[in-house]
Amino acid sequence: MRLIGVDVGGTFTDLVCVETESGALTIHKVPTTPHDPSEAVLNGILELCELAGVARESVDRVLHGTTTATNAILEHDGALTGLITNEGYRDILHIGRHQRPQHYSIRQEVPWQDRPLVKRRHRKVVAGRMAPPEGRVLVPLDEAGVRAAARELREEGVEAIAICFLFSYLDPAHEQRAREIVLEEYPEVFVTTSAEVSPQFREFERFTTTAMNAFIGPKVRRYVSRLEERLAENGLTADLHIMGSNGGVATARMVCELPVMTLLSGPAAGIIGGAWAGALSGRDSLITFDVGGTSADIGIVRDGAFAEASARDTSIAGFPLMVPMIDIHTIGAGGGSIAHLDAGGAFRVGPRSAGAVPGPAAYRRGGTKPTVTDANVVLGRLDAGNFLGGAMSLDVDAAGRVIDGLAAELGLSRLETAEGILTLVNANMANLVRSRTVQKGLDPRSFALVAFGGGGPLQAVDVAAMLDIPEVIVPPAPGITSAMGLVATDMKYDLVRTAFLSSLDAEGAAARATATLDAMQAELAARLAADGFAEADTAFERSGDVRYVGQGYELRVAIPAGPLDAAAMEALFEVFTGLHRAEYGRINPGNPIEIVNLRVSAAGRMPVLGRPAVGQGGSLKAALLGHRPCTFRMATGLETLETPVYLRGSLPLGERIAGPAIIVQKDTTSILRPQDSMVADPGGNLLIQVGGKD
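Under this note's numbering, read the sequence shown as residues 1 to 694, first letter to last.
Bear in mind the hints are in silico, worked out from the structure with no lab data behind them. Don't take each hint at face value.
Pairs of lysine-lysine, BS3-like flavour, derived with a Cα cap of 27 Å [what the hints assert, rightly or not]:
id, residue 1, residue 2
1, K440, K369
2, K219, K119
3, K124, K219
4, K369, K666
Computed Cβ-Cβ distance ranges for the label pairs, DEER-style [unchecked claim]:
id, residue 1, residue 2, range
5, M634, P560, 51 to 61 Å
6, N588, P560, 22 to 32 Å
7, D284, R633, 47 to 57 Å
8, A427, A384, 25 to 35 Å
9, V137, E19, 40 to 50 Å
10, G637, G441, 55 to 65 Å
11, L504, G532, 41 to 51 Å
12, P563, L46, 48 to 58 Å
13, P187, P682, 55 to 65 Å
14, R154, Q99, 27 to 37 Å
Fair warning: this is a prediction, and the values are worked out from it, not measured in the lab. For glycine and all other residues, C-beta sits at the position ideal for the given N, C-alpha and C.
Produce the entire structure from the sequences given, and follow the hints as far as they go.
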């Protein structure tokens, strides 16, 4: 099968074409087109087909990681959105839970109040009420009121409408009927209901997630539909699949209905690509380190599996969400991050970025601010004539000028300023890793750092040294590892149902859990069958959100397949107790336990991406392209050393190479300091031993 993966970044759009049977792959990078990302996607795919020598119509699937939804939220550039909800609950999106994002600050922004997803004048209320625990109708739905609200919102020019009623996770009938009425009155509007987006308790988070789905819905739907049309117009009949935040891909149709599932589309693909790369060398405890043009994304892989973010950690741009997401954390630190003095005179790097346009000064696109990329050019770590495999040349003089401007403000030399920029950005990234490891009780020294993205291999050894991480893994094609993750994942869907099952009635809880989980699995199986997956190519995972009664948040506990009985429930509660001790350092003996939500995750297995085709390797002499001055921080200060430059594709396999060294390939550059060493692994990775650590 022939697959194309496309990952849109802030600076470059990365593409890979993979033949699953032979393992042959072709990679390509094109500048991102911020005004219309689909332009770079389409042009990149057409150029990639030419590079790979394949006919456009022979491509079976295009798998895409998109930032459209993410950027719409971060830039607050979504649709004019309306809300229809119960009487008395017009302001739930504003009130929230009376939480202060910064507990002790008297000057802080509350995102859902400062930049609401739905303006108050576009929130309409209607009579109707259901009640727990079964969803009994207390007040019938006022259908005339819904019709009037729809007409008012149409006249106000809203593009999307979120329908959010209390307890709709118990019975969605009122929301479904309201949706029908809205579409009768306003057929062209984007309509979404909380029961289809996030059918679980916590009304503020459920309402916010649904409002966000509506806010980004029209833009995502237009983007995906336009991309499908352009692909077809250019002879590509391949199925289009979009990466979801849950670590799987979904059909274009599903994404158009639930765009909120793509909010971490690109970073999720990166973790999967990093896990795939680590497995090539037999490593399954990994910190994925994805550094692009504008940001750095960190993920944790333990025993070959990645974690899903908990309810208390799932948010974007400050808005709480209730959709499945891989546990990913991001900071504004990338090749385009701008170095500057802040209002207090402190030396900072990021989060502002030069982006794709104008980009770093070295890119010759009019950039005038010093960036991380410019610092790497000044220090000799990037080859001006061999950037992107020679497809793009760098302006060394322009990089030097912008660094000199900052150096004059700091009173430092050009090299000290450039090295200071790298030290600061590396420290920021190391602190992000600490927040996901040390602060969670994990020892980073027991992990390998998988460095990818265009900037990851440039910064990785310095970040690893700050954390005492002994090994850095550079994947076969680091600059397009996120794109590789797209072709290494499965079709994936998730369902959740609120249950409230108590340990005080283990037998009754087992019966209800079994019936609910079986029904959810049957629904997902039907969805995968509709997507063309045979039963043998599907897999299901069950889990529950479990807590002590009265706690505010839950822990995720796996639930075995098949019927459950009282003994199985007791075992599940025992597992929860162990997880609680690990997470919080204590347990509450005698406290009743409850399963709040039941979850089923379904995967449709896509073609397996095997090992990439790796040559037999050459000799160190054949790989040597020459030497150039490169500056490093040593114990005695900065030293400029004549550093060998090697072509990665010609490196000998299994032969240890001592630093310093620069390894170039089309999609990135890898750096070894004088104290580091490296082996080109037969699995296709570069394995860097950091500072002589074992």
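Name the hints, by number, that the structure is in violation of.
1, 7, 9, 10
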